[in-house]
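Asker: For reference, each letter of the sequence shown is one residue, going 1 to 824 in the working numbering.
Just to be clear, a hint being listed does not mean it is correct.
[As the list claims (entries may be wrong)] No more than 25 Å apart at the CA atoms, straight line, and that leaves these computed lysine-lysine pairs for BS3-like: (1) 666 / 793; (2) 103 / 62; (3) 604 / 658; (4) 429 / 238; (5) 817 / 717; (6) 559 / 53; (7) 382 / 478; (8) 758 / 666; (9) 658 / 695; (10) 793 / 604; (11) 238 / 223; (12) 650 / 593; (13) 70 / 101; (14) 429 / 388; (15) 497 / 478; (16) 436 / 478; (17) 349 / 382; (18) 163 / 2; (19) 298 / 349; (20) 793 / 758; (21) 559 / 388; (22) 791 / 805.
[To be verified] Between beta-carbon pairs, the in silico distance windows are: (23) 403 / 757: 45 to 53 Å; (24) 343 / 105: 39 to 47 Å; (25) 681 / 240: 49 to 57 Å; (26) 817 / 794: 15 to 23 Å.
If you are wondering where the hints come from, they were derived from the structure by calculation, not from laboratory data. The beta-carbon is built from N, C-alpha and C at its ideal position, and this holds for glycine as well.
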Amino acid sequence: MKSLVIVESPAKAGTIGKILGKDYFIASSFGHIRDLAKDGEGSTGVDVHKKYKPHYIVAPSKAKVVKDLKTLAKKYSLVLLATDEDREGEAIAWHLFDELKLKKANTKRITFTEITSEAILNATQNPRDIDLDLVDAQQARRILDRLVGFELSRLLWKKVRGKLSAGRVQSVAVRLIVEREREIQQHESKKFYKVTGLFGTTHFEASLSEDLPSHDTSEKFLKSCSNAVFTVHAVDVKPARRAPAPPFTTSTLQQTAGQKLGFSVSRTMSIAQKLYEAGHITYMRTDSMHLSTSAQKKLASHILKEFGEKYLKPRQYVSKSKNAQEAHEAIRPTYPQNKHASDNADLQKLYDLIRNRALASQMAEAEVQRTQVIINISTNDKYTFISKGEIITFDGFLKAYKNTKWYTYDDIILPQLATGDTLTASEIKALERLGKPPARYSEATLVKKLEELGIGRPSTYAPTIDKITSPTRGYITKETREGIPTEFLQLTLKDSKITETVITEVTGAQKNKLFASDMGIVVTDFLVKNFENIMDYAFTAEVEESLDHIASGNADWVKTIDTYYKPFTMSVGKTLSSAERVTGERILGSDPKSGRTILVRMSKFGPVAQIGSQDELKGDEKPDYANLSPGQSLETVTLKDVLPLFSLPKNLGTYKDKDVVVGRGKFGPYIKWGDTYISIRGTDPLTATLHSVMKSIREKEHEMEPITMYQDKPITKGVGRFGPYIKWEETFAAIPKKSGINIATITPEQAIHLMEEKVRKDNERILYTWGNGSVTLQNGRFGSCIRIKGKRKFYSLPKNDSGEKLPVEDLKKLSEKEIRKLIS
Numbered sequence: 001m002k003s004l005v006i007v008e009s010p011a012k013a014g015t016i017g018k019i020l021g022k023d024y025f026i027a028s029s030f031g032h033i034r035d036l037a038k039d040g041e042g043s044t045g046v047d048v049h050k051k052y053k054p055h056y057i058v059a060p061s062k063a064k065v066v067k068d069l070k071t072l073a074k075k076y077s078l079v080l081l082a083t084d085e086d087r088e089g090e091a092i093a094w095h096l097f098d099e100l101k102l103k104k105a106n107t108k109r110i111t112f113t114e115i116t117s118e119a120i121l122n123a124t125q126n127p128r129d130i131d132l133d134l135v136d137a138q139q140a141r142r143i144l145d146r147l148v149g150f151e152l153s154r155l156l157w158k159k160v161r162g163k164l165s166a167g168r169v170q171s172v173a174v175r176l177i178v179e180r181e182r183e184i185q186q187h188e189s190k191k192f193y194k195v196t197g198l199f200g201t202t203h204f205e206a207s208l209s210e211d212l213p214s215h216d217t218s219e220k221f222l223k224s225c226s227n228a229v230f231t232v233h234a235v236d237v238k239p240a241r242r243a244p245a246p247p248f249t250t251s252t253l254q255q256t257a258g259q260k261l262g263f264s265v266s267r268t269m270s271i272a273q274k275l276y277e278a279g280h281i282t283y284m285r286t287d288s289m290h291l292s293t294s295a296q297k298k299l300a301s302h303i304l305k306e307f308g309e310k311y312l313k314p315r316q317y318v319s320k321s322k323n324a325q326e327a328h329e330a331i332r333p334t335y336p337q338n339k340h341a342s343d344n345a346d347l348q349k350l351y352d353l354i355r356n357r358a359l360a361s362q363m364a365e366a367e368v369q370r371t372q373v374i375i376n377i378s379t380n381d382k383y384t385f386i387s388k389g390e391i392i393t394f395d396g397f398l399k400a401y402k403n404t405k406w407y408t409y410d411d412i413i414l415p416q417l418a419t420g421d422t423l424t425a426s427e428i429k430a431l432e433r434l435g436k437p438p439a440r441y442s443e444a445t446l447v448k449k450l451e452e453l454g455i456g457r458p459s460t461y462a463p464t465i466d467k468i469t470s471p472t473r474g475y476i477t478k479e480t481r482e483g484i485p486t487e488f489l490q491l492t493l494k495d496s497k498i499t500e501t502v503i504t505e506v507t508g509a510q511k512n513k514l515f516a517s518d519m520g521i522v523v524t525d526f527l528v529k530n531f532e533n534i535m536d537y538a539f540t541a542e543v544e545e546s547l548d549h550i551a552s553g554n555a556d557w558v559k560t561i562d563t564y565y566k567p568f569t570m571s572v573g574k575t576l577s578s579a580e581r582v583t584g585e586r587i588l589g590s591d592p593k594s595g596r597t598i599l600v601r602m603s604k605f606g607p608v609a610q611i612g613s614q615d616e617l618k619g620d621e622k623p624d625y626a627n628l629s630p631g632q633s634l635e636t637v638t639l640k641d642v643l644p645l646f647s648l649p650k651n652l653g654t655y656k657d658k659d660v661v662v663g664r665g666k667f668g669p670y671i672k673w674g675d676t677y678i679s680i681r682g683t684d685p686l687t688a689t690l691h692s693v694m695k696s697i698r699e700k701e702h703e704m705e706p707i708t709m710y711q712d713k714p715i716t717k718g719v720g721r722f723g724p725y726i727k728w729e730e731t732f733a734a735i736p737k738k739s740g741i742n743i744a745t746i747t748p749e750q751a752i753h754l755m756e757e758k759v760r761k762d763n764e765r766i767l768y769t770w771g772n773g774s775v776t777l778q779n780g781r782f783g784s785c786i787r788i789k790g791k792r793k794f795y796s797l798p799k800n801d802s803g804e805k806l807p808v809e810d811l812k813k814l815s816e817k818e819i820r821k822l823i824s
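Based on the sequences and whatever the hints tell you, model everything.
Answerer: Here it is, written out as structure tokens:
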């Protein structure tokens with residue numbers, strides 16, 4: 001009888017199905033089938049009074065999947081759980097076993113690190129039981145993260161602002177970025193001069209042994225060089241070797257793909273998952289640099305065939321991480337001889353990166369000849385000029401990269417020189433430079449830092465970064481910012497004359513870097529102050545080690561959670577009762593007009609400047625507010641910076657007898673033309689003029705022109721926060737990407753068709769109508785709801801005095817006026 005094999009994804013199922021053939025039926029669980037309930041004990045899904053007993057529920061979206069798998073499992077005498085070979089995969093296997101009510105006698109676990117015939121067949125011939133130690137480690141992480149996240153988030157709602165969240169690992173990651181933000185803010189850039197010269201008949205370049213501190217020092221030095229004799233003091237020629245990097249782990253793949261391909265961490269993992277499921281690479285969540293014997297043989301065979309025997313040097317790498325999880329392999333190609341993996345450009349790029357790195361790791365070192373020339377200056381014994389050259393004498397592992405765009409190893413050739421040779425300097429330049437602040441984290445460098453600190457594991461890096469950069473949290477933003485044109489002075493000595501020129505360079509440009517928001521800084525400061533352990537890097541790493549001990553069977557998961565959770569809950573209670581509410585408030589000075597205090601703080605909708613403190617306001621009087629501009633921070637903004645903000649909104653003039661007003665709102669800068677609001681993102685409202693915003697107004701004016709008439713009413717078009725749409729009366733219809741319709745060229749026929757479909761679907765959702773149809777009861781995405789014509793908001797069903805939703809039949813008995821009153 002056939003055996004049932006359950007994997008996580010349909011793509012993986014397809015590849016394995018082709019290998020195992022007709023004696024096996026392959027089904028997919030589509031990832032996790034259940035998780036901790038959100039409405040269990042204390043809304044955490046965990047009973048902390050019963051040894052952290054978890055309450056798991058099947059996700060609504062997986063109910064049919066579970067039902068189908070239960071039916072399938074009854075038909076087969078053997079069930080093989082073939083989920084991924086890590087803690088998450090082991091946990092999914094256990095949840096399937098438990099939820100499907102499988103029997104131990106006819107259920108086995110199989111694992112593999114690559115989807116190849118050899119690996120899959122070997123796995124089916126060597127099944128094992130579910131490793132409950134790995135399951136306990138995953139469960140302990142999930143429970144601890146849920147408890148800590150829930151308690152911290154609830155605390156933030158009371159002490160900072162509603163709807164905020166925090167977590168055991170993500171808050172520590174945010175702290176790293178906040179601390180780097182402060183290092184950058186506190187950095188004082190000092191100017192210095194870098195000196196270079198061109199020497200000899202070949203005009204080879206040499207650099208001064210030290211940078212010079214000032215313009216005067218640089219000018220004095222160049223004057224001393226105008227009549228100097230330059231003599232070769234020493235020529236040092238040494239052979240050297242360059243060793244290849246080890247094959248990829250999860251973190252090094254994420255870092256390299258970020259640096260060389262510009263991929264985000266989540267994009268890298270998504271592409272690697274597809275390559276793995278298609279059978280092109282080994283499992284992509286690993287912190288091991290180890291290669292199996294068979295893998296080394298495959299790589300060696302291809303290197304011998306492709307490059308020759310002198311290029312082969314098999315070697316085994318040992319992981320530096322003391323926390324390396326389970327016996328995984330490094331990430332490598334399953335068939336090194338295959339150069340092509342996919343017609344998809346991104347998949348092929350990542351495959352090339354993985355394949356070349358694995359091949360290079362088993363190849364000989366590159367051999368180079370390095371030359372260093374030291375040049376004395378007759379008029380100055382404090383400094384020397386130094387020139388360095390390098391020639392590759394044997395390319396070794398570099399040959400694996402030679403035909404790729406990542407090959408950047410060019411020879412730097414110096415002329416034949418001997419000690420005592422006299423040289424002429426055709427030109428010497430002293431170029432003003434500016435000391436750089438610490439580099440902001442990118443996703444790749446943040447992963448590297450987390451790994452160095454022992455925080456997180458291969459399966460957690462991408463989810464952690466996705467969480468902290470999520471717009472809903474608002475703690476960290478990933479941005480590309482243009483640099484600022486900066487003028488630098490350059491002194492040039494040529495033909496015994498010194499000239500000065502000004503060179504303009506763009507400095508401070510940031511590409512895909514992580515920035516801490518004001519809210520991220522305020523929340524981090526609050527957590528660091530009140531939860532020293534939870535926010536401590538070493539402590540967080542210690543928790544990870546404890547989870548590793550559970551996985552290896554050397555620790556009990558309940559006792560481990562006890563160790564960390566009990567002291568944590570005491571800190572939560574203490575903070576709830578003693579800590580004051582925080583807003584990041586900072587007083588900047590006094591308003592020149594009113595004399596009242598001007599301060600900045602975090603408000604419900606973000607960082608604001610405010611005129612008038614609470615003790616200065618009278619009765620029901622409210623302070624004046626102004627949103628801070630992008631790039632302004634609560635910690636660094638000055639009184640001079642915020643005063644102009646209070647001039648908004650301001651009238652720029654009129655167009656077609658309607659006022660044009662510029663301002664900054666919740667969603668950024670805008671123009672209000674009559675009753676029409678127009679977004680002007682990317683424009684500084686403080687410097688906007690009527691002339692500069694006219695293009696935006698005319699574009700909006702063109703948008704507002706009817707596309708056509710439908711039932712004697714116009715259909716118009718627009719582009720909103722969520723993309724292009726058309727509007728008819730109070731009905732909005734989004735233009736889906738898959739429709740292929742361009743908002744700029746939409747035809748009357750297309751507009752009418754889209755609107756008819758939208759009206760039809762809206763009517764199908766209506767369960768009941770009050771009055772003339774201005775209030776309706778509808779089927780919404782999350783159940784029954786009430787809709788008022790002309791408003792885009794959906795209202796939840798009203799509740800009775802017991803907090804229960806009123807039955808639909810009772811609502812139908814009410815008048816339109818009563819319904820409006822209940823939901824107002």
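Asker: Go through the numbered hints given earlier and state which of them the structure violates, listing their numbers in rising order.
Answerer: Violated: hints 3, 4, 5, 7, 8, 11, 15, 17, 18 and 21.
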